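Protein chains: 2
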Amino acid sequence: MKSFADRLIEVLGERDSPVAVGLDPQLKWLPQEIKDRAFSRHGKGLKGASQAVLEFNQRIIDTISPYVGVVKLQIAFYEALGPWGLDAYSKTIGYAQKRGLIVIGDIKRGDVEHTAEAYAQAHLGEMEIDGSFVCPYSVDAVTLNPYLGGDSVAPFLKRAERYGKGLFILVKSTNPSSRDFQDLRCGGERLCERVARKVNQWGRALVGKHGYSAVGAVVGANSPSLAKRLRLLMPRAFFLVPGYGAQGAGPEGLYPYFNKDGFGAIISSSRAIIFAYQNPPWRRRYGMRNWEAAVREALLRMRSEVAEVVGRIRRRGG
Amino acid sequence: MKSFADRLIEVLGERDSPVAVGLDPQLKWLPQEIKDRAFSRHGKGLKGASQAVLEFNQRIIDTISPYVGVVKLQIAFYEALGPWGLDAYSKTIGYAQKRGLIVIGDIKRGDVEHTAEAYAQAHLGEMEIDGSFVCPYSVDAVTLNPYLGGDSVAPFLKRAERYGKGLFILVKSTNPSSRDFQDLRCGGERLCERVARKVNQWGRALVGKHGYSAVGAVVGANSPSLAKRLRLLMPRAFFLVPGYGAQGAGPEGLYPYFNKDGFGAIISSSRAIIFAYQNPPWRRRYGMRNWEAAVREALLRMRSEVAEVVGRIRRRGG
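Just so you know, the protein sequences line up as chains A and B, in that order.
Going letter by letter, the first sequence gives residues 1058 to 1375 in this note's numbering.
Going letter by letter, the second sequence gives residues 1058 to 1375 in this note's numbering.
In case anyone wonders, no lab produced these hints; they're calculated from the structure.
Please read these numbers as outputs of a predicted model, since none were measured by experiment.
The reader is advised that the hints may include incorrect statements.
[Said to hold, decoys possible] Okay, the calculated bits of chain A under chain B, using three or more residues with CB under 8 Å as the criterion: (1) 1082–1095; (2) 1134–1146; (3) 1161–1171; (4) 1186–1192; (5) 1207–1215; (6) 1230–1238; (7) 1244–1252.
[What the hints assert, rightly or not] Computed cross-link-like contacts, DSS-like style, restricted to lysine-lysine with a CA-CA straight-line distance of at most 30 Å: (8) B:1104 / A:1215; (9) A:1101 / B:1155; (10) B:1215 / A:1085; (11) B:1059 / B:1317; (12) A:1104 / B:1101; (13) B:1104 / A:1104; (14) B:1148 / B:1101; (15) B:1085 / A:1148; (16) A:1266 / A:1215; (17) B:1215 / B:1266; (18) B:1155 / A:1104.
Glycine is no exception: its CB is placed at the ideal position from the N, C-alpha and C atoms.
One chain only, chain A, in its complex shape (with noise of 0.2 Å):
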């Protein structure tokens, strides 16, 4: 089987790119004519606006595939929509992989015993049912929460190790309120700290041929001094690093988040890219007639801003 680090490596390289698009799909903001006809096929509640998210999703990995290997899909947009969002999910996923993507799904999940044990099955696989074997949600890598502690993580390891799959800890959030705890002092370090040597520790026995654990962290892209610190304490995890873009971070902070090869964090984007047609200077550019062409100038101009910050730290690790 072969790992996830191993295999995120080859894609990102594939695409010559460590970006990342979440396909967060908030019903407000998709384009009025994919949700009339969705509307209009299928009825004007959840099911039709799970219709409108899937064909939003579809057009966006057609547009988007070519330039990135990686998206992240943010499960509370379509666990908002009710079973039928839920089936979106599903089917986004699948249409995804289909086209060569990895698929991270952004769950942040994390609870006892058996509990994370179905839901490890929901995500990563498998479930039994009289004898035949299921999963709803077949994803490539998961994010999870980090509060219950190493057993609420072993269910997700077992199959990160069984069937190739990665697992991202929520480390440091991008809100203002990710101080409340995660920047606590506990014995001489703050709490996300001990987090990340846990997420060393629990990353250990699944390390690839390229150096890199299945066991990644989520760090936000608004905190570069402390992705320093962090990247000292997880030499070996890719880093999931959300909020470029949207909130408020540049490519001038991304140097602390990558290793000198260059490796070890992917660069996530969801809102300003999957919704770049908002945005005053690409609408006035494109008009939303041609949506698509905002979406792929958006991600074209952040995979040059960030591979200019992966070309220098290369050649100054050279």
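Given the coordinates of chain A, work out where chain B should sit on it, guided by the hints.
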């Protein structure tokens, strides 16, 4: 709008018991007759399995609703069954609420701003779809994970106030690894005590006429000495206390979870009640044909154990 805490106290009073039953249906333990019927009608897949879960839940609810006022649904066991599983989750919520039960969605979500808003819409209400409002999983209260801090809780607080809903913030879980982070010493006290202080603060504006807040805490039944301390830090919070029975905690440890008025805790048991017929003593007495009798007997035994504790506290306090 009546406060959640007042509504809770009234329902607990009507049923004369501060007990909650956890509807955590694991397919492998469901009565075979229910599974066979569901599989023959809906196929041996996720749809059939979800239908079996729904019938099982309905029969459990019919059995227990004269004796308890609260059910807790661990969403992981529904999520594991895919979109059909969440359809069963949604229908179970409605079925329980029609019988006058308060339904707690044990979701332990926690995420950043817009995402937290989407989760709050999904579970407490409501989402707008072109002018109409829907909520797929409208429970009376949810559990939340605190790791992301105050702004991750804010969208739920807003709805607690607006719609009379309740929150239970995870403070201390029942699993052995809860010590990994929850017990860390941070500035002279444990992390879970810091979380408890925040819970108390978040709940201050939502205190009802009985003196209890709509913002409660999850505190595992196997930490009685810690519970004593947490009770002081959160005097107005209802404790949702999982792990009674199956996870080894018995009635003697329950005293510190309650306030001196005999209120302030809901003791929850899941597997030990709903799968009571799997346990040899009940199984021998009732056999699988009469599994609901085993469920009722196990619940009545727990109910009287807890009643004795509450009775002693009230006599002592009065």
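Evaluated hints:
Here's how the segment 1082–1095 of chain A fares: 4 of its residues keep a CB closer than 8 Å to some CB of chain B, so the rule of at least three is met and the hint holds. With a cut-off of 8 Å between beta carbons, the segment 1134–1146 of chain A has 10 residues touching chain B; three or more are needed, and the interface restraint holds. Counting residues of the segment 1161–1171 of chain A whose beta carbon lies closer than 8 Å to any beta carbon of chain B gives 7, which meets the minimum of three for the stated coverage. Given as covered by chain B, the segment 1186–1192 of chain A passes the check, having 4 residues with a CB less than 8 Å from a CB of that chain where 3 are the minimum.
Coverage of the segment 1207–1215 of chain A by chain B holds. Counting CB-CB distances below 8 Å, 3 residues qualify, and the rule asks for three or more. Coverage of the segment 1230–1238 of chain A by chain B holds [criterion: at least 3 residues with CB-CB distance below 8 Å; count 9]. Closer than 8 Å: that is the beta-carbon criterion, and the segment 1244–1252 of chain A has 4 residues meeting it against chain B, so the requirement of 3 holds. Taken as a hint, the residue 1104 (chain B) and residue 1215 (chain A) pair is honoured in the structure, with Cα atoms around 27 Å apart against an allowance of 30 Å.
Distance restraint check for residue 1101 (chain A) and residue 1155 (chain B): the Cα-Cα separation of roughly 26 Å lies within the 30 Å cut-off, and the hinted pair is therefore satisfied. Between residue 1215 (chain B) and residue 1085 (chain A), the direct Cα distance comes to roughly 21 Å. Compliance with the 30 Å bound is thereby established for this hinted pair. For the proposed pair residue 1059 (chain B) and residue 1317 (chain B), the alpha carbon gap of about 24 Å is at most 30 Å, so the pair holds. Of the supplied pair hints, the one linking residue 1104 (chain A) and residue 1101 (chain B) holds, its CA atoms being roughly 25 Å apart against a limit of 30 Å.
This hinted pair checks out: residue 1104 (chain B) and residue 1104 (chain A) have alpha carbons roughly 17 Å apart, not beyond 30 Å. Distance check on the hinted pair: residue 1148 (chain B) and residue 1101 (chain B) sit about 20 Å apart at the alpha-carbon level, within 30 Å; holds. Straight-line distance between C-alpha atoms of residue 1085 (chain B) and residue 1148 (chain A) comes to about 27 Å, which keeps the hinted pair within the 30 Å bound. This hinted pair checks out: residue 1266 (chain A) and residue 1215 (chain A) have alpha carbons roughly 19 Å apart, not beyond 30 Å.
Between the alpha carbons of residue 1215 (chain B) and residue 1266 (chain B) the distance comes to roughly 19 Å, so the proposed pair stays at or under 30 Å and holds. A C-alpha spacing of about 25 Å is found between residue 1155 (chain B) and residue 1104 (chain A), which places the hinted pair at or below 30 Å, so the restraint holds.
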